[in-house]
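*Asks:* Assemble the whole structure, with the sequences as input and the hints as a guide.
There are 2 protein chains.
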Amino acid sequence: MKNPLTPEVLADPVALTRALVDIESVSRNEKAIADWVEDVLRGVPHLTTYRYSNTVMARTSLGRDQRVVLAGHLDTVPINNNFPATVRGDLMYGCGTSDMKSGVAYALHLAVALTEPRYDVTYFFYEAEEIESAYNGLFLVSEAHPEWLTADFALLLEPTHGIVEAGCQGTLRATVGTSGVRAHSARSWHGVNAIHAAGEVLRRLEAYEARRVTVDGCEYREGLNAVRINGGVAGNVVPDRCTVEVNYRFAPDRSPEQAEAHVREVFADFEVAITDLASGALPGLEAAPAQEFLAAVGTAPVGKLGWTDVARFAALGTPALNFGPGDPNLAHHPDEHVEIGKIRDGAAVLRRWLSVA
Amino acid sequence: MKNPLTPEVLADPVALTRALVDIESVSRNEKAIADWVEDVLRGVPHLTTYRYSNTVMARTSLGRDQRVVLAGHLDTVPINNNFPATVRGDLMYGCGTSDMKSGVAYALHLAVALTEPRYDVTYFFYEAEEIESAYNGLFLVSEAHPEWLTADFALLLEPTHGIVEAGCQGTLRATVGTSGVRAHSARSWHGVNAIHAAGEVLRRLEAYEARRVTVDGCEYREGLNAVRINGGVAGNVVPDRCTVEVNYRFAPDRSPEQAEAHVREVFADFEVAITDLASGALPGLEAAPAQEFLAAVGTAPVGKLGWTDVARFAALGTPALNFGPGDPNLAHHPDEHVEIGKIRDGAAVLRRWLSVA
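Protein chains in written order, with the working numbering: chain A, 3 to 359; chain B, 3 to 359.
No incorrect hints appear here.
In this list, chains with the same sequence are indistinguishable; a pair is considered to hold if it fits within one copy or across any two.
Keeping only pairs whose Cα atoms sit at most 25 Å apart, straight-line, the calculated SDA-like set for lysine to any residue is:
| no. | residue 1 | residue 2 |
| --- | --- | --- |
| 1 | 4 | 53 |
| 2 | 344 | 186 |
| 3 | 4 | 34 |
To be clear, the hints were calculated from the coordinates, so they are not data collected in a lab.
Keep in mind that this is a model prediction, so the values were computed, not measured.
*Replies:* What follows is the structure, encoded as structure tokens:
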């Protein structure tokens with residue numbers, strides 16, 4: 003089969019977005035798209051290309067003072083009656099249009115087009131961002147080949163609707179449990195109802211006042227929410243166990259350890275078990291390439307509220323920003339789409355940034 | 003196969019209890035036990051015997067002024083490493099020893115032994131009490147042959163540990179729901195958390211003061227409990243729905259309609275859906291056979307807190323009491339057992355009551 007990523011397609015970020023959307027690549031099924039992307043990159047004389055599982059990396063070696071990474075994941079969430087891509091007016095619909103094949107198209111387009119970028123550039127296309135960390139291509143490479151990711155600055159092309167979103171908030175999940183004593187509900191005074199006891203957990207959540215924190219001019223807004231609750235044994239039994247699962251999104255001025263201590267303090271006197279904990283990332287606006295990127299965009303950055311892989315770059319010591327044409331609120335929706343004008347605008351920004359000598 | 007309910011076994015309520023326990027009869031598997039019981043009853047000259055599905059009824063027709071029913075269910079909950087029966091000292095262990103083959107043994111023993119009872123007696127052995135009402139033999143016969151159940155008084159031989167438990171409490175189940183608006187938990191202020199909103203439902207349950215009501219000298223103690231709670235969409239979503247299932251056990255001075263109105267008042271402003279509602283039964287101590295039965299027992303009755311099929315008799319206009327040797331707290335437990343002395347004591351009480359001219 004012929005590679006659908008032809009020179010004509012690669013020359014146009016919009017056509018390239020559509021071609022990438024039309025290569026189905028639900029998480030754990032990225033082989034075909036990785037094969038085509040690798041095939042393209044190996045044909046570009048100014049790049050050296052590497053592959054690890056279904057993650058593909060290519061880089062220039064021009065001896066520049068600075069190196070930047072442009073990164074995007076190749077996988078999508080499961081298709082939901084939104085494959086292949088369709089275009090209606092200025093909107094392109096389909097699974098991955100927003101999250102994030104339009105961002106991947108930026109990087110692949112520039113990898114081919116820019117023979118002499120102002121910095122050395124690492125183009126990084128990775129697998130399995132939408133599922134558990136254990137499969138994440140950026141995580142796997144950071145373990146197996148951390149030197150592939152060495153850079154002064156990273157741009158993650160996740161959907162931000164054309165603005166610059168800086169850093170990201172951390173996320174913590176915990177279960178908060180209550181215990182009681184079972185009894186037949188016809189003689190309930192012999193028992194202690196664990197669901198009733200969970201009322202105090204919900205009371206604290208309802209009364210909770212979330213912080214709003216400004217770091218380097220970017221506001222981060224926290225949240226502490228119950229995301230699940232479960233309790234009960236049978237219709238005639240006073241239950242002895244109730245579990246509330248909470249999700250704390252915390253600003254990047256707090257470390258994971260501080261976030262955990264805070265949650266344990268909020269739910270003092272209850273059984274708290276941390277089930278998931280990921281660090282946030284500070285905005286990372288100080289690096290010279292970051293400043294020059296912001297100048298090319300021309301608008302002020304805002305804080306990224308969702309957790310993204312910029313936190314993985316931050317953990318590697320590389321400041322990172324989020325920038326992509328898709329609307330993050332449409333990601334994972336059946337009617338996911340991207341504004342075609344925004345693809346063109348963003349591609350022009352990146353070309354301007356990387357081309358100015 | 004020879005009927006294990008031999009004349010020697012039928013003459014001894016303890017041996018008969020054991021023989022009945024050793025005929026496995028988990029709900030919906032009562033054919034064998036019903037066949038053997040029917041076979042016994044058809045051989046008794048002073049009884050006329052009828053069968054409907056796996057429910058068997060036999061009655062005297064002596065022209066007495068009063069008719070009483072002795073009733074017991076033939077089925078058990080599922081076996082749980084407690085079959086067949088074993089005897090250790092004064093205790094007989096096994097599935098159904100307490101609930102309620104010791105009670106069934108009373109009725110079957112007396113059906114054979116008492117040729118001239120002081121009242122006309124209807125012996126009623128029914129299927130499927132431990133599962134949904136739709137299968138309950140007492141319910142099915144009350145629909146198909148209500149005349150089989152006509153009587154001035156009914157004694158239900160459910161486990162009461164040798165005391166008289168009068169009437170029963172009603173039971174109501176309802177779901178109390180809260181609604182919200184979904185949002186990504188990273189931007190939770192765009193949503194409304196339905197689990198947090200359920201805090202007020204639990205607060206009302208925790209603060210609830212249950213009534214204690216005395217009717218005809220019997221105390222009934224109510225209870226209102228959450229028995230299940232469920233809510234949540236995913237680990238990163240502010241949930242838009244939470245459901246608390248509550249169980250209200252209400253004294254028999256309250257009608258089902260009054261019970262429903264009360265629950266709706268307690269949870270005013272929430273979405274309340276009634277999922278199950280069964281009337282209680284007043285103590286029913288006025289009938290002459292009831293008074294004479296209480297005299298034979300010699301101890302004061304107490305209110306029955308759990309719901310039992312006495313409510314079905316009450317609905318048919320027949321006052322009913324609960325009386326059996328088993329400990330109701332051991333029913334449905336793996337170590338279910340009955341005190342052999344209590345079987346003998348109760349059988350003596352019943353024989354005294356039904357024999358006195």
